[in-house]
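S.K.: Heads up, the numbering used here is the position in the sequence shown plus 15, with the first residue counted as 1.
Worth flagging that the hints you see were computed from the coordinates, not collected in a lab.
In this text, a Cβ means the ideal position worked out from N, Cα and C, and glycines have one as well.
There's no promise every hint is true.
As the list claims (entries may be wrong) - Restraint-style ranges between C-beta atoms, simulated for each label pair: (1) Val23 x Leu147: 37 to 43 Å; (2) Arg33 x Glu154: 54 to 60 Å; (3) Ile148 x Val112: 29 to 35 Å; (4) Ala104 x Phe51: 16 to 22 Å.
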Amino acid sequence: MCLVSGIVLLMLNELVLRNLLGKSFRGMTEMAGFMFLWMAFLGVIVLYDQDRMISLDMFFVRTHGRLHTLLWVAHKVVAACLGTIMVIAFFGLYPYVSTEYYSSMPTFAKLWQYVPMAITGSFLCIKSIYDLIEKARGEGSR
16 MCLVSGIVLL MLNELVLRNL LGKSFRGMTE MAGFMFLWMA FLGVIVLYDQ DRMISLDMFF
76 VRTHGRLHTL LWVAHKVVAA CLGTIMVIAF FGLYPYVSTE YYSSMPTFAK LWQYVPMAIT
136 GSFLCIKSIY DLIEKARGEG SR
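All chains, full assembly: derive it from the sequences and hints.
M.R.: This is the structure:
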């Protein structure tokens with residue numbers, strides 16, 4: 016909620032300055048982009064944790080039995096693979112983004128723009144594997 020409020024305040028401030036002074040400040044644009052990335056990726060974590068992500072729900076509600084289980088497992092495997100790719104991408108980009116800085120914030124590395132991607136990827140992978148293990152343990156105990 017703080018990120019949304021911050022983005023709204025930055026946008027309103029930018030609109031007022033642009034209309035009154037006729038100038039735009041790059042720092043506000045960069046900060047709004049930074050905050051948007053954090054908000055988006057952290058939002059994915061919340062939605063995935065609560066099973067509220069738009070996925071194959073239209074197929075899940077119409078299927079039952081083994082097909083339902085197969086689609087659920089495929090969904091979890093794909094999410095785990097996506098999370099792994101996100102973490103690998105972060106480590107692949109690390110040497111480059113750790114040395115780049117924002118033009119308006121010279122002491123603030125662009126690395127921090129990519130951290131939420133790694134956090135989200137880690138969560139997707141761990142949660143998917145956990146769900147798969149729980150499903151296997153639940154079906155194995157029957």
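S.K.: Each of the hints needs a verdict: does it hold here or not?
M.R.: Going down the list of hints, with the structure as the test:
Evaluation of the 37 to 43 Å hint for Val23 and Leu147 yields a pass: the beta carbon distance comes to about 39 Å. Judged by the Cβ atoms, the range 54 to 60 Å given for Arg33 and Glu154 holds: they are separated by roughly 59 Å. Distance hint check for Ile148 and Val112: the Cβ-Cβ separation is about 33 Å, which falls inside the suggested range of 29 to 35 Å. For the pair Ala104 and Phe51, the supplied restraint of 16 to 22 Å holds, since their beta-carbon distance comes to about 19 Å.
When the structure is compared with the earlier hints, no violation turns up for any of them.
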